[in-house]
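A.B. asks: Note that our numbering has the sequence shown beginning at 1, numbered continuously upward.
If you're looking for bench data, these hints aren't it; they were derived computationally from the structure. Hints may contain errors.
[Stated by the list, open to error] Distance windows between CB atoms, simulated: (1) Ile112 x Leu60: 19 to 29 Å; (2) Gly109 x Asn7: 55 to 65 Å; (3) Ala110 x Gly47: 34 to 44 Å; (4) Ala113 x Ala45: 16 to 26 Å; (5) Gly85 x Ile112: 52 to 62 Å; (6) Glu39 x Ile112: 19 to 29 Å.
[Said to hold, decoys possible] Pairs of lysine to any residue residues, derived as SDA-like cross-links and limited to a Cα-Cα distance of at most 20 Å, are as follows: (7) Lys94 x Ser105; (8) Lys83 x Ile107; (9) Lys94 x Cys61; (10) Lys83 x Gly47.
For each residue, glycine too, the CB sits at the ideal point set by N, CA and C.
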Amino acid sequence: KIYFRRNMTAAEIPLVRRPSKTPLPSHSLRNMGVASRREAHFVFALGLLLSLNSGYINGLCLSGLMGGTYGQGVSAFTGTYTKSGLALANGEVKLFGFEFTLILSFIGGAMIAGFL
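Based on the sequences and whatever the hints tell you, model everything.
C.D. replies: The following block contains the structure:
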């Protein structure tokens, strides 16, 4: 047993060593919380497919092929906020309505994802 006194100095505290297991390298999958290589490959492939899908949809929206006359990027919303503010300042009600609908859709999707 190791006993500690109340006023021990740092030099008096005994060193406790861990059992002599070979430590895993810092880049090991187990250190990242991955249960198996199969799980790691699945997560990587799914992340790749999701990023390709988001890029494809963003390209479609920017080209105007989604049915609207406005080329609108959907991957980042800083442009949407800016465009909605400029449309409101210029009195373009239809464009402001479109941009505001995109902002509400983004917020609604984030809320649904948060509930899930």
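A.B. asks: For the pair supplied as a hint, Lys94 and Cys61, confirm whether the alpha-carbon distance does not exceed 20 Å.
C.D. replies: Within the cut-off at roughly 18 Å; holds.
A.B. asks: Regarding Ile112 and Leu60, is the given constraint of 19 to 29 Å on their beta-carbon distance met?
C.D. replies: Given a distance of about 22 Å, which is inside 19 to 29 Å, the answer is holds.
A.B. asks: Is the hinted pair Lys83 and Gly47 satisfied, with a Cα-Cα distance of at most 20 Å?
C.D. replies: violated, 30 Å
A.B. asks: Check the hint pairing Lys94 with Ser105 against an upper bound of 20 Å on the C-alpha distance.
C.D. replies: Distance of about 17 Å is within 20 Å: holds.
A.B. asks: Could you check the hint for me, namely that Gly109 and Asn7 are 55 to 65 Å apart, CB to CB?
C.D. replies: The hint (55 to 65 Å, Cβ to Cβ) holds, given that Gly109 and Asn7 are roughly 59 Å apart.
A.B. asks: So the hint says 34 to 44 Å: do the beta-carbon atoms of Ala110 and Gly47 match that?
C.D. replies: violated, 19 Å
A.B. asks: Does the hinted range 19 to 29 Å hold for Glu39 and Ile112 at CB?
C.D. replies: holds, 26 Å
A.B. asks: Regarding the pair Lys83 and Ile107, is the alpha-carbon distance no greater than 20 Å?
C.D. replies: With Cα atoms ~17 Å apart, Lys83 and Ile107 stay inside 20 Å; holds.
A.B. asks: Given the hint of 52 to 62 Å, check if Gly85 and Ile112 actually sit that far apart at their C-beta atoms.
C.D. replies: Violated, since Gly85 and Ile112 (Cβ atoms, about 26 Å apart) do not stay within the stated range.
A.B. asks: Within 16 to 26 Å: is that where the Cβ-Cβ distance between Ala113 and Ala45 falls?
C.D. replies: holds, 21 Å
Violated hints, in rising order: 3, 5, 10; the structure is consistent with all others.
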